[in-house]
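Chemist: Here is what each chain is made of, one letter per residue.
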Amino acid sequence: MIAGISIYEILTLTTILFFIGVYGFITRTNLISILISVELIMNASVVNFVIINKYLYPDMLQGVLFSIFIIAVAAAETALAVSIIINLYRQIGSVEVKETEIMKY
Amino acid sequence: MDFSSFLLMRHEIILLVITLLLLVAEIFIPQQKKGSIVHLAIFLFGIHTVLGFLGNVEGALFGGMFRNTPMIHFFKNVLNVGVLILLLQSADWLQEKMVKQHKGTEFFILLFSSLLGMYFMISAGDFLMFYLGLELSTLPVAALAAYETSKRISSEAGIKLILSAALASGVSLFGISMLYATSGSIYFNDIAEMITANNLTILGMILFFTGLSFKISLVPFHFWTADVYEGAPISVTSFLSVISKGAAVFILMILLFTVFKPLMHVWENMVYVIALMTMFIGNLFASRQKNMKRFLAYSSVAQAGFILLGIINGEHLGFATVIYFVLVYIFSNLAAFGVVQAISLKTGKENMDDYEGLYRTNPKLSLVMMLALFSLAGIPPVAGFFGKFFLFTAAASKGYYLLVFLAVVNVTISLYYYLLVIRAMFLRKNENAIPFFTNKLYMRLGLVLTVLGIITLGLYSPLYDYIFELSKNLM
Amino acid sequence: MDILTLFVVVPVLTVLALVFTKDLKQARTVSMLGSFVQLGMAINLVFAYFKEKEVNDSIMVFMKDLVWFEHFNIHYTVGVDGISVAMLLLTAIVVLAGVFISWKMEDLPKEFFISLLVLATGVYGFFISIDLFTMFVFFEIAVIPMYLLIGIWGSGPKEHSAMKLTLMLMGASAVLLVGILGIYFNSNADGGDLTFNILEIAKVNIPFEAQKLFFPLVFVGFAVLGALFPFHTWSPDGHASAPTAVSMLHAGVLMKLGGYGVFRIAMFLLPEGALFWGDFFLVLAAIGVVYGAFAAIRQTDLKYINAYASVSHLGLVLFALLMLNKTAWSGAIIQSLSHGFLTAMFFALIGMIYGRTHTRDINKLGGLMKILPFIGAIYVITGMAYLGLPGFSGFVAEMNIFVGGFQHPDMFHRVLTVLAVSSIVVTAVYILRLVGKIMMGPLETNNVENLPKATWYEKTGILLLLIPVIAIGVAPLWLSDMIMDSIQPFIQGVIK
Amino acid sequence: MDITYIYLIPIIPLAVFLLLGINSKKIKPAVSGYIGVLGLFTSFLLSIYTAYQYFFVIGKIDGEYQQFIDKTTWLNFTDTLHIDMGILVDSISIMMLVVVTTISLMVHIYSRGYMKGDDGYTRCFAYLSLFTFSMLGLVLATNLFQIYIFWELVGVSSYLLIGYYYTKPSAVSAAKKAFIVTRFADLGFLIGILIMGYYTGTFDFETLNAVNPETGMLVLNWASTSFMGLSVIAWGLILIFMGGAGKSAMMPFHIWLPDAMEGPTPVSALIHAATMVVAGVYLVARLFPMFYFVEDGFALNIVAWVGGISSLFAAIIAITQTDIKRVLAFSTMSQIGYMMMALGVSGYDGHEGVGYMASMFHLFTHAMFKALLFLGAGSVIHAVHSNYLKDMGGLRKYMPITNITFLIAALAIAGVPPFAGFWSKDEILVAAFENNQILYYIGVFVAGLTAFYMFRIYFGIFWGKDKKYEHTPHESPMSMAFPLLFLAGMSIVAGLIPFSEYVSADNKGFEAHLNYPLAAIATTVGIIGIALAWVFYKKENSLSDKYAKSFGVLYKWAYHKFYFDELYLFVTKKIIFNRISAPIAWFDKKVVDGTMEGIGNKTVVVSDKIKGMQSGKLQDYAFAFIVGVVVLAGVFIYLWK
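Residue numbers (this note's numbering), protein chains in the order written: chain A, 4 to 108; chain B, 42 to 516; chain C, -6 to 489; chain D, 23 to 663.
In case anyone wonders, no lab produced these hints; they're calculated from the structure.
Do not rely on the hints blindly, as some may be mistaken.
[To be verified] Straight-line C-alpha distance at most 20 Å; calculated PhoX-like pairs for lysine-lysine:
#, chain 1, residue 1, chain 2, residue 2
1, B, Lys331, B, Lys390
2, D, Lys48, C, Lys446
3, B, Lys331, A, Lys107
4, D, Lys631, B, Lys331
5, A, Lys101, D, Lys190
6, D, Lys48, C, Lys452
7, C, Lys363, D, Lys633
8, A, Lys101, B, Lys470
9, D, Lys190, C, Lys363
10, B, Lys470, B, Lys405
11, A, Lys101, D, Lys48
12, C, Lys452, D, Lys633
13, D, Lys633, C, Lys357
14, A, Lys107, B, Lys405
15, A, Lys107, D, Lys639
16, D, Lys50, B, Lys192
17, B, Lys439, C, Lys205
18, C, Lys446, D, Lys639
19, C, Lys446, C, Lys97
20, C, Lys15, B, Lys405
21, C, Lys363, D, Lys639
22, D, Lys138, B, Lys331
23, C, Lys18, C, Lys363
24, A, Lys107, D, Lys47
25, B, Lys439, A, Lys107
26, C, Lys363, D, Lys50
27, D, Lys138, D, Lys47
28, A, Lys107, D, Lys631
[Claimed, not checked] Here are some chain B residues pointing at chain D (derived, C-beta under 7 Å):
#, residue
29, Lys201
30, Leu241
31, Phe264
32, Trp265
33, Thr299
34, Pro303
35, Met305
36, Met311
37, Asn332
38, Lys405
39, Leu408
Just so it is clear, CB atoms sit at the ideal spot from N, CA and C, and this is done for glycine as well.
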């Protein structure tokens, strides 16, 4: 519980965070940036879980636990994504998203 | 806590042990004998599959996070059979290509990890376990998609898959957080009791639903499908399209039928709309494809649309028909991919045009392909017909005649492009047809198993009855 | 094994045997033997049926019931009445004739005969089934081999035709499927379980609303196969591209599934729907009758002429079925049989002519009677039978239909009947034009003087078909009575 | 009376047909000729025996000739309606039996000579037997449907025989024309039958024709429904008459008959002169009570007028034709018109029914002399190898038998006493005079025309110019001459049969007397016609051309048969073929099929149009994903909960 800040304000923040992530995902041209945007989306959820746990259901730690797992999984995900990006970089020398448009239609 | 209760996790534990064993083997087996790991893996997995059929178990672990019912158990077995066939079909490819690049074992480790994730996902009793399972099943596949590191499209497929998947799971998580907010729990059973049709809950459900829709590749969350299927190695494509999709359908159905049951009036409409979009878009795209993998990708999108016809039923009839269909679908699609795999391995050709005149040089392969396509299209007497018919029955029993009608229109469209392949193989004559070749034992075994499945699953009715009984218990 | 299931088992066994054959000689011998056995069984069934009918008074005899999918109440239920018996006989004869006509199939003979017999299996199964689901399964089994048969062994724009035919027929069966599901889910209207069994559904009063909704689906689903205007266009192209035996089997047998299905399912199970929609479809059918005949006049390809003629003649079947009385119905069934034999003969003859002269364009043919007397004579006979000459089966069928149609108390129906009657003149026009052009007149320059005469297998095939045509035409009473008796319980549903 | 042996009369020709038809390649021509003649001879004897039995031994009971019927069910339609096959024996059917078997026998004998050396010798006999069988079946029919069945069979045998020289395009098209025109007329017949079946519930002649002395026609009690102001039964009869008119080549269905002369001449004699073409007359006679009683003979009036007009029309055309077979064809049409007219003006009871009797009588005599004319013409054609008058002349020197017999026949048809035609024609004119004066005058005029055109060709063939022939014509062999002589004999004596005793509308018979004034007028007119022909054609001169010119347009129109062929051609070619059939074929190809193909093509087009959705761009996919989520959320939270 943070004094003076209601759950609505924090949820608004996380929602904004979520959409920043989405926006970033859609508009960035660099694969790494996109990856970061995904992290933002994840983090929005993470914050959500913690806040909801804290403000609404403080007697159980489900939300907090969940958020820890999310962080861990997100880390794995990022690692994997980065490794694939590196592999791509090895082949074409670029990490621009526009280089990944060979397959279409 | 009684250790015997770990028997509930029999599947998971054995698979984990196998995975670890392979890891160990990878370390200790000298480089020139790495090929034997393929035999070992298949052998071990074969034993695992057989063990799976020994007795059903029922119960929950970890305070309900993990649960097992005969239905779940059965479905795991189904997945096992699918993976086993897949392994058989991939064995030659691994031995001839991948082992030489020193990464034969990785394939098994990643694949089994993904399968392990699915086990957890479908056994999940709460959203945490579900989420972990989901991620565990997705991430290794992304790695597998990029498995052929020397190929650019393989990397592209990997990128597309992992980023899309991350986005999807992010959205899904956001939805789960909303559900958590309204119900105060992440346990399925608790949520099911608490859930009411308020806006936030519905939004949560929709967000969550899209996450799984992504895995099942429902329109408009399907765009990654074709690209990833095309870029990834065939075995991985095959895995994605049958095993991964099957598991996702299963858990989606469980959630919709139990946790979100009170919201059925919302999601049945949603499913209605998405089913239509999925069938039409999938079929329209498929009808234009020339690359076999891409072709099968869209076809599998369309098939997902048909599956929704069973889901819309919302009762155990729907459940049973969907499971039955998925089972049939696994066999049919594996057969199709198996043939593509075999041909690609021998000739490197993956285009429909290359298949012209195939029947005159390789009649058996063509026949397998024909059976598979007929099964996918739903032509009796092969199993696909029964699968589809029952799905339609499930939808019709709720009075969705219009939906069924549009679905059968789609069956006709889909028949068109399946016939295109048959046209290439049977009707055309080609000077430069793919020459005759024979497959090795594993591949043959893999194809024979699928053919047996395609032919017998439909005609052998007790199987359906068995599934129907199981589905009763779950609900 | 019971007498009916054998009808499915024998062709399946034949197919299995064919798998192990090595060349044309073996393949055709095996197919011929298999088909012979079938014909024997069919003939035996006719006698067995009469015998059984003396002691057994139920609608269907030789019933056999096996549970298949218990939870859907799907059964494998077979049984026959006089109509199915007649249809089975038709099928057996046409299939055997088809095998004879394909005696010299050069390209992939084994596969050809396998496809042919798979098709036959579907047709046999369809005629013996009295469970909607089983029936539907066999229906599709019968349709799908057409794709390969036309696509591989056809001629002309065969790929396109094959695709068109298959898609339109499967599209129709898709519509049908919805109709069948509709019937199924209304089969518990009086309480009781959902069922696919036709005889049990017939006892149920399906709500009028449902009948209204599902009748057109079931009707159209089947009628497309029976070349209902305006869904007939698969037929000319399909026939034109198909190899001879396939045209024979298709026009002779497969298209009959349409009329039979309409009769057995649409009319029997949804009588109120039939009454509600009757006039609408009747007009379509009547249009088809006249329209097909007129369209045939203008064609120059032998097979197209015959295909449009089939549209006209099978339109008559649907027309008669929609008249909803016993005489017309019996006419519809006899017309199905008669058209089956005749059109098969026609296609066989066209195949023989084409095989010798390598053209089907009537403008390039002429005076063939002189050089091919057997084919010429049979062609004239077939033509005469086709235009409804007494002494041949067509006459019996058409008279039943016309008299039946005219017995309808409603003026509108009688006027339509008169319209349909007028088609016989148009039929005469195109048949005589055809006969006059290709058989008579001076020899066309590009027809070689010494074309090979008809061979023994061709003659056998043709005579197999000709015999029943004459038998029905000269002594129709036994067949007519057999069919009338079987129609009795069906017509009662409509009257009720 | 045991009448079952009568079945043999038609069955023997059928057996001959099957025997010859199936083995047409194996049997030697000479043998097949004998088989044909022998079969027919048996039938002929049986017919004669039957006639004797019926008329003199057992037929007449209580002063009335009875009907004997034997039948079995052939096909059931409903509980009441069914087709029977059987035989109906009464005076007209017996009379027809005799006519058919006699003429057919003569033609069979004649054909043995005429067809000698032809490839299709056996085929010809097979067809002739088929025809004879069909015709006998028609004659003996017990009900409308049976008559229809044989009616069609007769039609097809006619088709086969007209198209006998099937390599000749004109023969093929003539055969086709004959079949289609009669088929069209039969359409009316069939609809008429359907109407009868529906409104009366029976097809049997016995029931349909039943007349109750007190209440009149039984049929009238069954149906009183009317359609356009006329009872449906009358409509039915008119439609049935349409069938009859088609077969009997009445206006406007006559156009096939002249063309039908493409067939071999003996065939023309049998089918298109003596037997088949009178089937229409027989049909009306068969249903005579109905025609007479229903709607006070409205339908019968139509019969009379159609007959009268056709008769006049055909006679006018006959004058102008140059093909002798065509002249005979139009003559046939004219004479049948006479018979129709006679039926049309007839009454029912006793002497009132003189028209009916006269019609049958004329049918009988006409069969004899017209067959003779045709066979004679055949003999001529056989000799000079041409059908045209211009190729003939002065043949009396070369062909004495033919000359004499032809003359006898011509005198008979011209109505010169005491030849057969005189008697029957006289009765017809009597009937017409008593009932319808206008038709009477037409009849008299036609009698004059008949005499004129008949002697025109007689003189043209046997007298006229002395033509030089490449091959000297010679008298026909005995096989051809015998029938000529036999029929000539019949043409002389047939008129002396007291026909009215045996055949009458009410079956009771009456005594007919010669009406001297009328007979005198008719004979005078006939002789004037002959005299005119003598003037014009006895010697070669240009008188005829001059007169033809003076008639101008009328001559031209008559020469072109009043352009009926052109009219038909216009209707079939221009209207049906080009304006109905072609648009339908086009419509089918473009619209109906086009729609079906269009659906398929559109699907492919749409599929191609939307391919841009799958752009290959990861971010587009993500965008679609998010839009999907938002739309779903928006729709299902706010719009469609």
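Chemist: Taking the hints in turn, state whether each one holds.
Modeler: Hint by hint, here is what the structure shows:
1. B/Lys331 <-> B/Lys390: It holds: about 12 Å lies between the C-alpha atoms, which stays within 20 Å.
2. D/Lys48 <-> C/Lys446: 16 Å, holds
3. B/Lys331 <-> A/Lys107: 12 Å, holds
4. D/Lys631 <-> B/Lys331: Distance ~16 Å between D/Lys631 and B/Lys331 Cα, so the pair holds.
5. A/Lys101 <-> D/Lys190: 79 Å, violated
6. D/Lys48 <-> C/Lys452: 17 Å, holds
7. C/Lys363 <-> D/Lys633: 60 Å, violated
8. A/Lys101 <-> B/Lys470: Cα-Cα ~41 Å, so violated.
9. D/Lys190 <-> C/Lys363: Roughly 12 Å separates the two Cα atoms, so the pair holds.
10. B/Lys470 <-> B/Lys405: 17 Å, holds
11. A/Lys101 <-> D/Lys48: Measuring from Cα to Cα gives roughly 87 Å; hence the hint is violated.
12. C/Lys452 <-> D/Lys633: This hinted pair is violated, its Cα atoms lying about 56 Å apart.
13. D/Lys633 <-> C/Lys357: 47 Å, violated
14. A/Lys107 <-> B/Lys405: 32 Å, violated
15. A/Lys107 <-> D/Lys639: 8 Å, holds
16. D/Lys50 <-> B/Lys192: 86 Å, violated
17. B/Lys439 <-> C/Lys205: 19 Å, holds
18. C/Lys446 <-> D/Lys639: 68 Å, violated
19. C/Lys446 <-> C/Lys97: 15 Å, holds
20. C/Lys15 <-> B/Lys405: Holds, at roughly 15 Å.
21. C/Lys363 <-> D/Lys639: 72 Å, violated
22. D/Lys138 <-> B/Lys331: 72 Å, violated
23. C/Lys18 <-> C/Lys363: Distance of about 32 Å is beyond 20 Å: violated.
24. A/Lys107 <-> D/Lys47: 72 Å, violated
25. B/Lys439 <-> A/Lys107: 38 Å, violated
26. C/Lys363 <-> D/Lys50: The given pair, whose Cα atoms are some 19 Å apart, holds under the 20 Å limit.
27. D/Lys138 <-> D/Lys47: OK: D/Lys138 and D/Lys47 at ~16 Å, within 20 Å.
28. A/Lys107 <-> D/Lys631: Judged against 20 Å, a Cα distance of about 14 Å means the pair holds.
29. Lys201: Since the shortest Cβ distance to chain D is 5 Å, the answer is holds.
30. Leu241: 9 Å, violated
31. Phe264: 4 Å, holds
32. Trp265: Interface hint status for B/Trp265: holds (6 Å vs cutoff 7 Å).
33. Thr299: The hint is violated - B/Thr299 has no Cβ within 7 Å of chain D, the shortest such distance being about 20 Å.
34. Pro303: Check failed: Cβ of B/Pro303 comes no nearer than 13 Å to chain D, outside 7 Å.
35. Met305: Since chain D brings no Cβ nearer than about 12 Å to B/Met305, farther than 7 Å, the hint is violated.
36. Met311: 6 Å, holds
37. Asn332: 13 Å, violated
38. Lys405: It is violated, given that the least Cβ distance between B/Lys405 and chain D is near 32 Å, above 7 Å.
39. Leu408: Given a least distance of 27 Å, the restraint on B/Leu408 is violated.
Hints 5, 7, 8, 11, 12, 13, 14, 16, 18, 21, 22, 23, 24, 25, 30, 33, 34, 35, 37, 38, 39 from the list above are not met by this structure, while the remaining hints are.
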